[in-house]
Amino acid sequence: MTKESATAPSVRRSWLELGPRARVAFAALYVGVMLCVVVSAQFRPDRVFGFQMFNESSTMNIHLFRRVRSTKRLVPIVNGEFLDATHGAPRLFRWTERVHDPTLGKLDQPTHAKYGLEGQLFRLGLALDDFVAWMPNGFDTVGLVAVVETLKNGRNPSVVRLQSVRR
Amino acid sequence: MKWLDEERDAYLLGLMRCLLGVLLCIQTWDRVDELLTWGYFGSVFHLPLVPEALVPSELVYRLLLGLEGVGALLGVVGWYGREGLFAGSSIGIYLMLCDRLQFHNNRFALLLCGFLCAFCPSDRSFLLYRGKRRTLPLAARIAPTLPRRLIQFQVSLLYLSSGGGKALDPDWRSGQTMLLRFQAGIDEAVQAGMRPPHWFVDFLTSPFVASLGSKAAISLELGLVVALWFARTRVAALWAGAMFHVFIQASARVELFSFLMGVAYVAFVTPELRERTLLVDVRTRAGRVTKALVRSLDWLARFRIEELAPEGVGGGAVTVVERGGARRSGRAVPAALARALPAGFLVWPVLALFVPRRPAVVPATTGAGSEAGHG
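Line order of the protein sequences matches chains B and Z. Residues 1 to 167 (the working numbering) are what the first sequence spells out, left to right. Residues 168 to 542 (the working numbering) are what the second sequence spells out, left to right.
Any given hint could turn out to be false.
Derived lysine to any residue pairs resembling SDA-like cross-links, with alpha carbons at most 25 Å apart [to be verified]:
#1 Z/K169 x B/L126
#2 Z/K169 x B/E17
#3 Z/K169 x B/K114
#4 B/K114 x Z/G352
#5 Z/K299 x Z/K169
Hints in this document: simulated from the structure, not taken from any laboratory.
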């Protein structure tokens with residue numbers, strides 16, 4: 001129910017109340033910016049700001065490995081954590097210590113690739129870089145490798161390998 | 168162009184401001200909850216779209232979240248509500264630019280609607296801080312409403328992008344993507360301890376049904392882009408869109424998205440109030456019940472309620488006079504009410520089936536038509 005005020009108070013003019021010309025300019029600017037944002041989203045791997053809802057039903061299964069100084073073989077990271085040492089002092093590293101994202105944080109289990117495979121692989125590559133850059137100097141680990149089993153919309157199973165090496 | 172300088176009743180924009188404020192409060196609280204659970208995003212892996220130097224420190228982030236919440240609350244109560252909504256949504260957009268990992272389409276859409284609503288004259292009604300004087304008189308409510316058209320544009324753009332993206336994807340067109348979504352939904356239901364009947368599982372996991380569902384979803388989204396703008400198709404489009412979002416809410420985790428779209432649909436409702444009349448005979452039980460029902464459920468202020476004078480009694484206990492002047496009585500009344508009351512809108516087409524093919528329509532001499540033909 002509308003309960004109208006009996007007296008007619010003067011309306012406080014908000015600074016958001018635009019004049020006739022400014023209103024039209026604002027509308028034109030908004031439409032232009034939004035069109036640019038949505039169109040440009042198609043060129044971003046994760047389509048952010050593109051309103052692409054439920055764009056894929058793809059899955060990914062991330063397996064992480066370490067590249068260490070002492071061997072050429074890749075060392076698997078079990079349960080997302082590994083022990084490394086510098087000058088004899090051991091330290092436990094956890095993938096989720098640094099990566100809180102619910103999709104990228106899940107290892108060794110098939111996970112829905114929210115916003116699409118391309119987007120998640122793009123983010124995973126940057127997450128590897130971030131983790132390696134964050135690790136203090138002097139440890140045996142010199143890089144991380146992610147072996148990702150992908151299934152795009154239930155088809156075309158493939159394996160993608162991403163790596164990041166300490167520079 | 169008439170849209171550029173149109174001046175309409177801003178009552179419903181006040182309702183939108185209030186509801187968007189509520190949704191923004193909930194969204195902000197969710198982010199506070201994420202902060203308390205996961206910690207400050209800036210101290211772990213994050214992906215800013217702005218230069219790293221512009222990413223706020225933890226203290227500033229907490230402060231901004233607090234300001235966003237306060238802005239949303241001001242939007243709810245209406246005291247500097249537009250400014251509050253502007254501040255809240257602007258902060259939300261800025262923080263989203265600070266970490267694309269926190270991006271969600273529904274959150275972005277809410278922030279944009281809040282931002283646009285701040286530019287609408289949404290400070291003329293639902294001023295809750297004023298108590299019973301929460302609505303300004305009609306003369307004070309008439310104001311330029313171009314930004315309302317921008318909210319409509321935003322809704323259409325959202326459907327265009329979502330539907331267009333699916334239409335261009337062969338897996339979506341064929342139904343493969345939807346089939347997997349259905350299967351995942353059933354798996355989740357089973358994991359949650361539910362036991363959907365076999366016939367239902369077989370039905371949902373049929374490639375034919377998924378293919379049909381995909382084509383229907385794409386057609387609906389693209390159809391809404393256009394149909395929401397025309398008076399002849401608007402009410403059907405709003406109903407189809409509402410059903411679509413009810414289905415999405417029930418089958419997927421979309422946070423506040425369905426509620427947001429429900430609020431955004433208010434931008435498509437005819438701004439003018441009480442252009443329909445409900446004539447009731449209060450001496451009858453049906454008349455009294457209908458009057459009480461409409462009074463409590465007429466959230467969009469569609470009806471003017473009048474009691475039938477004793478000499479007017481004879482055409483039934485309840486009569487609805489439509490915007491164009493057509494009178495609905497008898498079995499046509501429930502459909503006429505459901506069409507205009509949000510609480511009954513979803514069942515409107517069902518009730519319309521019970522309307523006699525040739526209802527007693529008596530063109531009235533009064534009653535102005537309006538732009539939308541709906542609402």
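Does Z/G352 sit within 25 Å of B/K114, going by the straight-line distance between their CA atoms? holds, 15 Å
Measure nothing beyond the straight line between the CA atoms of Z/K169 and B/E17; if it is 25 Å or shorter, mark the hint as holding. holds, 19 Å
Can the restraint linking Z/K299 and Z/K169 be considered satisfied, given a maximum Cα separation of 25 Å? violated, 34 Å
Going straight from one Cα to the other, do Z/K169 and B/L126 come out at no more than 25 Å? violated, 50 Å
Z/K169 and B/K114: Cα distance at most 25 Å? Given that 25 Å is the threshold and the Cα spacing comes to 43 Å, the pair is violated.
Consistency note: the structure conflicts with the earlier hints numbered 1, 3, 5.
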